[in-house]
Amino acid sequence: MSDNVPAPTGDGPGAAILRAADSLRSKGAVALRDLDDRRLEEAFLDTVAAFRDPTSPERRGVDPELRESAALSKGCLDASLAALLDGFSAEEVRRVFASGRRARKYPRLASAGGAGGVDRERAGVSPHLIVLAGSLPGIALAPLLASLAARRPAILKSSSREPFFAPAFTNALAAREPALGDAVAAAVWRGGDASIESTLLREVGLVVAYGGARALADLRRRAAPKLIAFGPKASVAIVAGELEPASLDATAAALARDVALFDQRGCLSLQSIYTDGDAVALAAALARALEEAARLWPPLALSPAEAGALRSMREEAAFLGCDVAATPLDQATIVVDRRALFLPSPGHRAVRIHPVPDADAALAILRPHAARVQGVAVAGAAADGLIDRLAALDVSYVCAPGELQSPGASWRNGGIDLVATLASDAQ
Amino acid sequence: MVATDVVDAIERFVEAPSAGGFDALALRAFSFQFENVDPYRRWCERTGATPAEVRDWRHVPWVPASALKSVALHAAPAVLTFRSSGTTAGERRSVHHHPFPHLYRRVIDRSFPEFCLPRRASLPMLSLIPGFEPARESSLSFMIDHVLARFGADGSANVVGPDGIDHDRARAWLAARERDRRPALLLTTALALDQLLRGLERSDLRLGPAPGSALFVTGGFKTRQTELTLDDLLERLEDRLGIGRAAVVQEYGMTELTSQAYTRSLDGPPHPNRGWASGANDLFVCPPWMRVRVLDPISLEEAAAGATGLLAVFDLGNVGSVLHLLTEDLGRIEDGGFRLLGRASGAELRGCSLTAEELEAASPDRTAQR
Chain C
375 MSDNVPAPTG DGPGAAILRA ADSLRSKGAV ALRDLDDRRL EEAFLDTVAA
425 FRDPTSPERR GVDPELRESA ALSKGCLDAS LAALLDGFSA EEVRRVFASG
475 RRARKYPRLA SAGGAGGVDR ERAGVSPHLI VLAGSLPGIA LAPLLASLAA
525 RRPAILKSSS REPFFAPAFT NALAAREPAL GDAVAAAVWR GGDASIESTL
575 LREVGLVVAY GGARALADLR RRAAPKLIAF GPKASVAIVA GELEPASLDA
625 TAAALARDVA LFDQRGCLSL QSIYTDGDAV ALAAALARAL EEAARLWPPL
675 ALSPAEAGAL RSMREEAAFL GCDVAATPLD QATIVVDRRA LFLPSPGHRA
725 VRIHPVPDAD AALAILRPHA ARVQGVAVAG AAADGLIDRL AALDVSYVCA
775 PGELQSPGAS WRNGGIDLVA TLASDAQ
Chain W
199 MVATDVVDAI ERFVEAPSAG GFDALALRAF SFQFENVDPY RRWCERTGAT
249 PAEVRDWRHV PWVPASALKS VALHAAPAVL TFRSSGTTAG ERRSVHHHPF
299 PHLYRRVIDR SFPEFCLPRR ASLPMLSLIP GFEPARESSL SFMIDHVLAR
349 FGADGSANVV GPDGIDHDRA RAWLAARERD RRPALLLTTA LALDQLLRGL
399 ERSDLRLGPA PGSALFVTGG FKTRQTELTL DDLLERLEDR LGIGRAAVVQ
449 EYGMTELTSQ AYTRSLDGPP HPNRGWASGA NDLFVCPPWM RVRVLDPISL
499 EEAAAGATGL LAVFDLGNVG SVLHLLTEDL GRIEDGGFRL LGRASGAELR
549 GCSLTAEELE AASPDRTAQR
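Protein sequence lines, in the order shown, are assigned to chains C and W.
Read left to right, the first sequence gives residues 375 to 801 (the numbering used here).
Read left to right, the second sequence gives residues 199 to 568 (the numbering used here).
Honestly, the hints are just simulated from the structure, not real lab data.
Treat the hints with caution; some may be incorrect.
[What the hints assert, rightly or not] Okay, the calculated beta carbon distance ranges per label pair:
1) C:Asp652 x W:Ala201: 41 to 51 Å
2) W:Asp236 x C:Ser463: 56 to 66 Å
3) C:Ala700 x W:Glu251: 33 to 43 Å
4) C:Leu674 x W:Glu500: 23 to 33 Å
[What the hints assert, rightly or not] Chain W is nowhere near these chain C residues, computed Cβ spacing over 10 Å in every case:
5) Asp420
6) Gly508
7) Pro552
8) Arg588
9) Ala628
10) Glu690
11) Pro729
12) Arg746
Ideal Cβ placement from N, Cα and C applies to all residues, glycine included.
Kindly produce the complete structure, drawing on both the sequences and the hints.
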């Protein structure tokens, strides 16, 4: 499964990580067993509330580094984290813990050795490894909560690009519930470091990984049977049926929020809009809304590579005769593209609006790419009729515009019941 | 304007470049494309830059390279059709409809030996690039087949079969060059070279072609699985095959172009401003019928020397398709050449959002099959 490289010894960082994994194995399940759900819920919700508030000591302690590592302005970071954390409401978090109780009671994949129980705890329970390969803060929350609900210890490996959020959150969590210090560890190492991962990938239970295709392909090569991979995806919107003139600006503002939060770097970030209505009017309204979004949640300056990618998109669109909104390159790019395509944008708030004859045409465009579609925001008079049809495409999150970044703690990303999967692993 | 007239004029220029000849020929070729490529004419008219207005080749409207994924642009019926790599259904691939393969061959004949053949002597060549017969949509395979036929000495071989590189044949060939002490030229993509070297490393083999041997390398360094660095690759090359950096020439080319830029000439002294010893060995220079500019991506004005921007290429060899191409490659002008700095679409900062590159990447090497 993994390269055969000797484990590091001594006091180096690699050895410390492996010792932490050993400690989680021997103490983690016991620590979690002795905590009731109510205490865990309260600790988690209190920590979420602290990170939802930009003036909290927790946020003030980590924000400067976080803004730097995630490359988000203060306004954009605050609004993005608020949107994400709004999904971790008391009701949602309790729903996740309830699903954990069910999963432990009816483990789907229990092996002959049994999942849970005294004998297993005595022998130790392998922690799960959660790999956060991307640069977005907050991505750790859903798998961390799932692991706690499943009562399984976890190691969170942050990417070296954004190494701050997960340790800050787990430290704050352990400050509220010290027993969790034995059940959760956050660490950073260079992904692919065989001196650590050769041993760790063998020792952990499951590997839950979020990131780009290259990072996931590497993990698949070394840990395929254990890997639960959440690869890169894109989100879209379908505006079906005419919008009331009065609601055009409100819909555009909500779509702009779905584009601008996290600077369009998340899998739930809106990249394309399909509409059977007036695409040019929608583009104009979206341009205004994204300029306002740039004021509220400013984007950072573009690098030459980023500017080059946006410029290439605009030049291609202009050559093909598409309408290109005259927005500043560093604020937004909006193109009315009459081709029937599912085409990811270069990011940095760049959106293609595709006019389609009807919603069926939009679904037909998405169908071949359904595995790459994470969320769909639906709007317009015919929006309700789309919900079941998108579910039939296995789109795991369908919502109103403006809600893409707040899927909720109980959202089954990619249709995977992560709590049940983590609870039932018999390692 | 008759196609043969302008193509003949360009062929004569390729054969014997004259000072100042490029500017006039570029405008003449622009007029030819304006007359003969309908979508391009409409574009020029929309932008208000027609042959009646344009007095400088720099102002000839460019076509964004990505547009060749959607629109067929050719000034005469295509004789060859090249496509960028990719295998997934529905994937958008660039298509270069090439009406003038004889011009393509003439361009290769004039530039390849100039840059890649020490003392312009024919050498035995080993190719790790698929031949044109099994890869008839690959412009690189077209080029390499022609190079092997035109410049390869006796014993030249292509060791790529249906299952990829035949490592046994490659090693036997290299060992034979070590024995007969004939300098050789290895033709490869970066990723194929990596595969060859990995094979040698696994077997702990070192082979030493004769002194004077060289390497031609092209293509990208990233795949969905891995990312190579030039330095690492060249270090391993020297270790396993004994070919040092000074004997390596990199090529910059793409499906959408006919001509190529190279990092250095093996046929003479290094470019005076490119001291190999200092490691500044990755500046590309163009043949006289090809010009590369760097454009500021915000203003689309020519960037100052040393500033990073998008590469715009004016290639007279492309008279049959698109003369002036705005690429998605980043670079900067330095010391009379240009430095390639990667792809604009591959911006480093990423979350978990899907990129076009990831959606479209089904083949490991974009340029290996250009």
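Hints, verified against the model:
{"no.": "1", "hint": "C:Asp652 x W:Ala201: 41 to 51 Å", "result": "holds (45 Å)"}
{"no.": "2", "hint": "W:Asp236 x C:Ser463: 56 to 66 Å", "result": "holds (58 Å)"}
{"no.": "3", "hint": "C:Ala700 x W:Glu251: 33 to 43 Å", "result": "violated (23 Å)"}
{"no.": "4", "hint": "C:Leu674 x W:Glu500: 23 to 33 Å", "result": "holds (26 Å)"}
{"no.": "5", "hint": "Asp420", "result": "holds (27 Å)"}
{"no.": "6", "hint": "Gly508", "result": "violated (5 Å)"}
{"no.": "7", "hint": "Pro552", "result": "holds (32 Å)"}
{"no.": "8", "hint": "Arg588", "result": "violated (6 Å)"}
{"no.": "9", "hint": "Ala628", "result": "holds (19 Å)"}
{"no.": "10", "hint": "Glu690", "result": "violated (4 Å)"}
{"no.": "11", "hint": "Pro729", "result": "holds (16 Å)"}
{"no.": "12", "hint": "Arg746", "result": "violated (6 Å)"}
The structure fails hints 3, 6, 8, 10, 12 (numbered hints given earlier, in ascending order).
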